[in-house]
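Visitor: Those protein sequences? They're chains A and B, same order as listed.
Under our numbering, the first residue of the first sequence is numbered 605, with each subsequent residue one higher.
Under our numbering, the first residue of the second sequence is numbered 5, with each subsequent residue one higher.
Hints were generated in silico from the structure; no laboratory data involved.
Values in this document were obtained by computation on a predicted structure and should not be read as measured data.
Where a beta carbon is used, it is the ideal one built from N, C-alpha and C, also for glycine.
A couple of the hints might just be wrong.
Going by beta-carbon spacing under 7 Å, a handful of chain B positions derived as facing chain A [to be verified]:
1. PRO42
2. SER70
3. SER84
4. SER251
5. ALA271
On the chain A side, residues computed to face chain B include the following (Cβ under 10 Å) [unchecked claim]:
6. GLN643
7. VAL669
8. PHE731
9. SER736
10. VAL740
11. LEU817
12. ARG822
13. ILE830
14. GLN836
15. THR843
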Amino acid sequence: MKPSKLGVRLVQISIMVFLVLLMVLPFLWMLSTSLKSQQYILQTTPQLIPDPLTFESYTQLADRVNLGRTFFNSTFVALVTMVGQLVISSMAAYAFSRMEWRGRNTLFVLYLATMMIPSVVLVIPQFILVRSLGWVNSYAALIIPSLSSAFGTFLLRQFFMGLPKDFEEAAFIDGANYFTIFWRVTLPLAQPALATLAIFSFMGSWNAYLWPLFAARREEVMTLPIALATLQAGPRALTEWNMVMAGSVVSVIPILVVYLLAQRWFVQGVVSSGIKG
Amino acid sequence: MSKKLLSILVVLLLALTSLMSTVAQEVTLRYFTFSAAPDYLEELDTIIAGFEAENPGITIEVSTASFADYFTLLQADVVSGSAPDVFELNYESFVTYAANGALADISAYLNSDAPYYPRALEAFQYDGVQMALPGTFSTVLLFYNADLFDAASVEYPTDSWTWAEATAAAEAITALGDDTWGLFSPVQFWELYKKAGQNGECEFFNAEMTESTINSSACVETLETMVGFMESGIMPTQAQLSGVSDSELFLSGKLGMLVTGIWMFGAFAEADFAWDVEIEPAINQNANHFFANGVAVSSTTANPEAAALWAQYLTASETAATVRVEASWELPALDKPEYFEAYLAQTPPNNRAAVFKALENPVTPPVIERQNEMQDGINALITQVIDGELSAQEALDQAKTLLDSLIQ
Numbered sequence: 605m606k607p608s609k610l611g612v613r614l615v616q617i618s619i620m621v622f623l624v625l626l627m628v629l630p631f632l633w634m635l636s637t638s639l640k641s642q643q644y645i646l647q648t649t650p651q652l653i654p655d656p657l658t659f660e661s662y663t664q665l666a667d668r669v670n671l672g673r674t675f676f677n678s679t680f681v682a683l684v685t686m687v688g689q690l691v692i693s694s695m696a697a698y699a700f701s702r703m704e705w706r707g708r709n710t711l712f713v714l715y716l717a718t719m720m721i722p723s724v725v726l727v728i729p730q731f732i733l734v735r736s737l738g739w740v741n742s743y744a745a746l747i748i749p750s751l752s753s754a755f756g757t758f759l760l761r762q763f764f765m766g767l768p769k770d771f772e773e774a775a776f777i778d779g780a781n782y783f784t785i786f787w788r789v790t791l792p793l794a795q796p797a798l799a800t801l802a803i804f805s806f807m808g809s810w811n812a813y814l815w816p817l818f819a820a821r822r823e824e825v826m827t828l829p830i831a832l833a834t835l836q837a838g839p840r841a842l843t844e845w846n847m848v849m850a851g852s853v854v855s856v857i858p859i860l861v862v863y864l865l866a867q868r869w870f871v872q873g874v875v876s877s878g879i880k881g
Numbered sequence: 005m006s007k008k009l010l011s012i013l014v015v016l017l018l019a020l021t022s023l024m025s026t027v028a029q030e031v032t033l034r035y036f037t038f039s040a041a042p043d044y045l046e047e048l049d050t051i052i053a054g055f056e057a058e059n060p061g062i063t064i065e066v067s068t069a070s071f072a073d074y075f076t077l078l079q080a081d082v083v084s085g086s087a088p089d090v091f092e093l094n095y096e097s098f099v100t101y102a103a104n105g106a107l108a109d110i111s112a113y114l115n116s117d118a119p120y121y122p123r124a125l126e127a128f129q130y131d132g133v134q135m136a137l138p139g140t141f142s143t144v145l146l147f148y149n150a151d152l153f154d155a156a157s158v159e160y161p162t163d164s165w166t167w168a169e170a171t172a173a174a175e176a177i178t179a180l181g182d183d184t185w186g187l188f189s190p191v192q193f194w195e196l197y198k199k200a201g202q203n204g205e206c207e208f209f210n211a212e213m214t215e216s217t218i219n220s221s222a223c224v225e226t227l228e229t230m231v232g233f234m235e236s237g238i239m240p241t242q243a244q245l246s247g248v249s250d251s252e253l254f255l256s257g258k259l260g261m262l263v264t265g266i267w268m269f270g271a272f273a274e275a276d277f278a279w280d281v282e283i284e285p286a287i288n289q290n291a292n293h294f295f296a297n298g299v300a301v302s303s304t305t306a307n308p309e310a311a312a313l314w315a316q317y318l319t320a321s322e323t324a325a326t327v328r329v330e331a332s333w334e335l336p337a338l339d340k341p342e343y344f345e346a347y348l349a350q351t352p353p354n355n356r357a358a359v360f361k362a363l364e365n366p367v368t369p370p371v372i373e374r375q376n377e378m379q380d381g382i383n384a385l386i387t388q389v390i391d392g393e394l395s396a397q398e399a400l401d402q403a404k405t406l407l408d409s410l411i412q
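Bound conformation, chain B alone (with noise of 0.2 Å):
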């Protein structure tokens, strides 16, 4: 063979080569999220070319679901054996998911410097192992019309307000008209753990996990005082709402106080009333709020390091973090005060920083592998308090049997 056909053949040898390797670093990365769709698809844009320019070769393609489709369509995804490679998870279904295999060890690829809350990063372990990154968090907080107060003469909420006074207030405001409300707390399975954190007293399980502890004297006591809003009327009942929402009925300037997340910040701002918020008020201490969504690594994706890198940049990045902030797009749960400016100074409301003081008394929901069936179960009890046709102390009876099943 002479040397020049060699020198031809090695050249192309080299090219091919070359070819073929960035062939293979050519990866597209499916994400699927709940968080986005409809109203912040372009801020999800701005993060995905971030993204992109600093790891040209991996290109990211989104797909959206509502909040009410989206974990029936990520199941069936996950079962057919066709599940994105990066998803979103919010931290009552993250058990499950690790716990069916569904998702994958990231801790190799994190990097240590990334300034996550530690409490945040260590929700989202299984077993002690890294199966999702915190991505956002957010709080429930008391939402109240300063105009409806000034109009009953009583003093706006404090912080260190209790529910008796809360009760009070929301008297005096249901005085002021028939269709005015003094206050609205929702009645389900979340405001039960939480109120349950506030009585101090009353918790789901035993401290090992072996047993439900619900029926306690106190949970009776907390449940009694969620449902006796509506009992001493100064809190609507479905009927009385008749299809209005409880955010509607606040917007409409016709409800005191409402229990609601910080989520609900740019719908209210365009109320044509004064509002403020506070912490919620206390049953024997304060508690509230702590929701996260986590970003998970399927354990079925062909491209783990990829995948684990994009969950990081969604989740830790500068340039993610500012964007959410400067959308009100919920908050990255970073431990970067100063990324955190931009939203304080944001108004309405001016009592912003009520946020942050809530993160001091955090509470979580009990989280078992067969989530849905527990808060499922739960709710329907809680209805049937709420329709008179069980007393607090027999549905958490049942509930207690309920959840025996459950964790066994």
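This is chain A alone, in the form it adopts within the complex (with noise of 0.2 Å):
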């Protein structure tokens, strides 16, 4: 490599460097806050590494969230609703891909303007349909309503437009009918789009905050960002900034768990559809 070359390779090694630093940084200092004691952490000389170092504060965060109950409640309804929105989305997306009938652009456009329609606006009709069915403080409140979701639709619908139609024409000629290609062509194609899709909609389940705030009030229920919003002190007393900093770390592990797993498909499918993540 010419002197000149290594030189620009160098600068742009160390910007990028200062970039990852720079997005590493607010989760290097949470898991740093989160190893120390109360007293050490609104210290005017801030220190990144903790002196000393203690896990006091994932111990004390046991014993005031029922932190198993709501990871296990967090985790089920995110894989649930994940589950439910790939099914929902994929098969509306091929409805609205590749199948002909009437009033379907028209159907497609009025399904996109839902996304429009702010959803706190939503939380109190919503509320009083969910309260009418019974389901308060169940898992069905959690999970029912974000089952089907116009973005996810979306998402797929362009991927599925973007697929040659050659495979699946040649399915046909081979007798295989609109499920069968579905399931057998057009899904194995899309891995790229689902894994996006599935990552977003984990995410979007695991950090929901306002409609499980009113669907489950209860522990059993509870999901983790609201066991952990009541570690937030209100006016009226001292935050535990280290409790609240462990808690975060607890919350960050799946989504960090899921976006490794689903990394090698999610960044082609966020280069394919042209979203950014």
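Using the hints, put the two chains back together into the complex; each one sits in its own frame.
Guide: Here's what the structure looks like:
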């Protein structure tokens, strides 16, 4: 490599390292705060590497919040929502992209228009509906309202539209029906888009706050973000930041795991659909 | 029909009726609270156990929410027609709920011997009807770091201090170091109406409640005093606090005086410096916050009598009062000095008597039906004054226009 090229490369790498540090620093800070005791958190000369290092905030967290139960609830709700959204959105997207029927485009536009209604506006009507169905404080209230996703349908429809029709036509000639083609041809080709939607829907469900706050008030069905919010003291007390951060560390882990598992397809999905992550 | 058969039938019938009446007596009440979680759930359980022992057949089912989320959830419950049977309300929200018909008239079920402070009881009447019971009260005091006062060689605050003396002490403490501050006194709605009380001439509304008088020269002067603490450099701005809360700053030993509530006694007990409290300094006269939380019965409850019984037990029984006092979980609004002896004996602070001295000049918040809009509107305008976008006069002129429209 010529010296000038080496110089350019060095500059590029240092810019990237700087950007990586910028992204990673808040997470490191979170981890570091979770390993400090309360009195060291607000020191005027902050320390990144905790001294003394302690795990007391994690043990305290387990005492204050029913960590096992809420962690299970969050995981269960997020996984079921994710699978449900994948199934429903992919079938809807297939119908919108590959099947010809009257009113298809009008319905699709109407379907998309639902994305423009802010979810906050829908909370009270949805709550009244769920309440009259007797679903409050149940998994049904947490899962069913978010099973259909206009965003997911849109994402997958655009991806399906970009797939060459030739494979499907070949399958038709071989005598396959719509469902066989959907299942054997379209879905396997759409893995990157499905992985992308899987991550978005898992993250969306995992981080959801407002709706679970209304729908799941009992500990048996409470999700992790709601339980962690109880650690954040109101204006009338002091917040134990080390515990809040310990809770945040715990809640980031599943997202990391899902992301690492789906990463290979995720990047491809984002590139080919043109949607930012 | 043979006599034997008849008697068997009668016995069966009797058994059935008695069974049915026991079934009818089994009542489950839903109670919704913000003040218990997360620190006082055990104390609440003790109070519930006491109530259930005295009232067999009534079960209390508690749900809790943090103060930040509580009123959102309560509102959703009320509009969806599934309000909890009994719920907590702060004084500011009380009128909104009473005026909208969400609360039951509980006068008929009240035990007239209950030792409430008469003034506190009156606070929870709407149109002369008892719509809730006063549960607890709290007040705000001047907390001071005695070590910083010693270091700056200034005298400790007294109950006859004015803000001029407090400012002088704050200047001496601020001079101790770059990261040390003399005073923190919040600049927002709740402070404004109290400092207005200390001014004595500033009122938010005229006596007939037909017009707002919040832009009077006395009110402008009051707001200027409040913002002036920041401008003169004795009090940190939000930017200078950079995310550290005022209480955290005090606890770190870098703040000379803090105006905050008695609910911080517990959190400050762990401070590694000497601190004490005094009633707030006066502008022209003394005035101190009187915050009250009430307990209300829903107008849609199926069991108003049982619900009122629980509301009364929670607010006026000796069990509830002693449990609260011993745990420093706010103070019962009861005229029973003997309940408070244990409270006064605890230290720090040494001068706990200031809590009761503060009640000699209580100020309650101005309350209108559209309370939230008033609080949010005034807070937004005050923020603009702090940021230098509006002068105090301009902000309060706009506040008057807002308040006039809200009371129409």
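Visitor: So, for every hint listed, does it hold in this structure?
Guide: Hint by hint, here is what the structure shows:
1. PRO42: Since chain A brings a Cβ to about 5 Å from PRO42 (chain B), closer than 7 Å, the hint holds.
2. SER70: holds, 6 Å
3. SER84: holds, 4 Å
4. SER251: Result: holds, 6 Å to nearest chain A Cβ.
5. ALA271: holds, 5 Å
6. GLN643: holds, 8 Å
7. VAL669: holds, 9 Å
8. PHE731: holds, 5 Å
9. SER736: Because about 8 Å separates SER736 (chain A) from the closest Cβ in chain B, which is inside the 10 Å limit, the hint holds.
10. VAL740: Hint holds; VAL740 (chain A) Cβ to chain B Cβ min 8 Å, cut 10 Å.
11. LEU817: Hint holds; LEU817 (chain A) Cβ to chain B Cβ min 6 Å, cut 10 Å.
12. ARG822: holds, 7 Å
13. ILE830: At 9 Å from the nearest chain B Cβ, ILE830 (chain A) passes the 10 Å test, so the hint holds.
14. GLN836: Nearest chain B Cβ about 7 Å off; hint holds.
15. THR843: For THR843 (chain A), the interface hint holds, since the closest Cβ of chain B sits about 8 Å away, which is under 10 Å.
Checked against the numbered hints above, the structure violates none of them.
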